[in-house]
Amino acid sequence: MRKKKVGAIAIKSFALLVVLGTAYLGTANQAMAQNTVTPYPKMAPIDQYLMTDQGAEIALARSASPESISREAEVLVLGRRGFETALKGKNGFVCIVERSWTSAADADFWSPKVRTPICYNAAAAHSLLPRNLKRTDLILAGRTQAQTDETIAAAVDKKELPAMEPGAMCYMMSKQGYGGDSVKHWPPHLMFYYSQTDPATWGANLPGSPILAMSDEHEHPTEHLTMFSIAVQRWSDGTENR
Amino acid sequence: MTRNQIHSIFLSALVLVAALIATRPAAAQDPKQPYPTMAPVEQYLMDHDAEIALARSAAPDAISHDASVIVLTRHGYETAVEGKNGWVCWVGRGWMAMFDHPEFWNPKVRAADCLNPPAARSVLPYAYKRTELLLAGHSKPEVIAAIKAAIDKKELPPLEPGAVDYMMSKGSYLTDSGNHNGPHLMFYQTAKDGAAWGANLTNSPILAVNYWYISAEAYPQLESFPPLSVFLIGVDKWSDGTPAPSM
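Chains as they are written, first to last, in my numbering: chain U, 1 to 242; chain A, 1 to 247.
No wet-lab data here; the hints were simulated from the structure.
Idealized CB from N, CA, C, for every residue including glycine.
It is possible that part of the hints are untrue.
Taking lysine-lysine pairs in the BS3-like style, the calculated list, with each CA pair at most 27 angstroms apart, reads [said to hold, decoys possible]:
#, chain 1, residue 1, chain 2, residue 2
1, A, 237, U, 184
2, A, 129, U, 90
3, A, 129, A, 192
4, U, 175, U, 113
5, U, 175, A, 237
Derived DEER-like restraints, expressed as beta-carbon distance ranges [unchecked claim]:
#, chain 1, residue 1, chain 2, residue 2, range
6, U, 224, A, 193, 48 to 54 angstroms
7, U, 175, A, 243, 20 to 26 angstroms
8, U, 52, A, 217, 42 to 48 angstroms
9, U, 87, A, 139, 26 to 32 angstroms
My request is simple: use the sequences and hints to build the entire structure.
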């Protein structure tokens, strides 16, 4: 049970856990341990996950990275059947506001409040983003969390979903957004994606290391995914994170 | 420490900064070359134990404690400590900067690095080669030609994915500019510029430079080298855990 939970966290709420460091992580874990009854036991009506103001969703998505990057990025917004392109981009980056099923802790898996702005670079847009788009399609089609995990992992194994491209990374530097009730707001950070890489290779998760990482290599089901996170000192608008 | 100072540091450490190129295009053309030639080799050498300690300070002890350490001698780098975790810590000198860098021969530069295993296997051999040839008295064009020949003959390896370099030492001297130092991580990528990571753009926390040159004007033969960029991300603590100045 514990292992399964960790695995699920690793896959679906990695951004949350990796980025927050031990203090936040401890809080998140404690919150999850205490809340045996999740406040979000099942999917809410789909309207609660949608943003009615498309302009607001575009702006929130773009806030994930400095404007110098996001102004020429493609922007995706959530529709009733999945994410759709709202703006075509020119620089290969793709900005999106992800929802709970790809970007929150298990306790918040069905939370309709979660809004996670991310800007993926081209390599991640080609390799990591398709997994999250597929997961979203499955969730909106009524699949359970477990069914979705199995389907994504199987698609990775069958190479229907690609392995991580070299240099895949994303920006998560928005001052806005909502990470979930467990951890509401995250510090600005960058994430880097690799297919099945030992976190120790980067010196991650060691005392004093500025790099946090999580791998689902030993979990089941597995996406063979390792994610690294590095906190940065400023938000996307250039103001300092204090 | 201002952002401009950080840029200067990055450029001057074996490192970087296209951003600086944009704001200070004089780097390669500046007629004032403060270090036009190599200083006497003694000026680049250090006390053996002090060099080991400085090298290890590039990364948190949890990493560097079990790392190999190499130190500079009159003829090149030599292993001083055999490690157990695949990491290699060392103190780079000015000549690990781009070939046209104005502080290439600055004898004060002491850039402590800890390379992860992919970087130790695929970046360090270039440092060994460059250092040995320069200490043997070869000119920059000769060194460039020798490195190119070694690449072509596959005597030097291609860059491995995931090559990372910790530069978090409080004791480094990276440049004459600014505060001379700043903790950061470096990532090596086979990219011709920083665009793939959104580097060098306004408010981006990532800086990137070409590994080989600031401007190919001085050594145009470097343009035929395999693309190699160094990406830098500043961090907020030194390797000992104490807070660093805000960037």
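Results for each hint:
1. 237(A) to 184(U): 25 angstroms, holds
2. 129(A) to 90(U): This hinted pair is violated, its Cα atoms lying about 40 angstroms apart.
3. 129(A) to 192(A): Holds - the C-alpha atoms of residue 192(A) and residue 129(A) are around 22 angstroms apart, at most 27 angstroms.
4. 175(U) to 113(U): Holds, at roughly 16 angstroms.
5. 175(U) to 237(A): At roughly 22 angstroms apart (the allowed maximum being 27 angstroms), residue 237(A) and residue 175(U) satisfy the hint.
6. 224(U) to 193(A): 48 to 54 angstroms: Check failed, 30 angstroms falls outside 48 to 54 angstroms.
7. 175(U) to 243(A): 20 to 26 angstroms: Given range 20 to 26 angstroms: holds, Cβ gap about 22 angstroms.
8. 52(U) to 217(A): 42 to 48 angstroms: 55 angstroms, violated
9. 87(U) to 139(A): 26 to 32 angstroms: With Cβ atoms ~52 angstroms apart, the hint is violated.
Of the numbered hints stated above, those contradicted by the structure are hints 2, 6, 8, 9, listed in ascending order.
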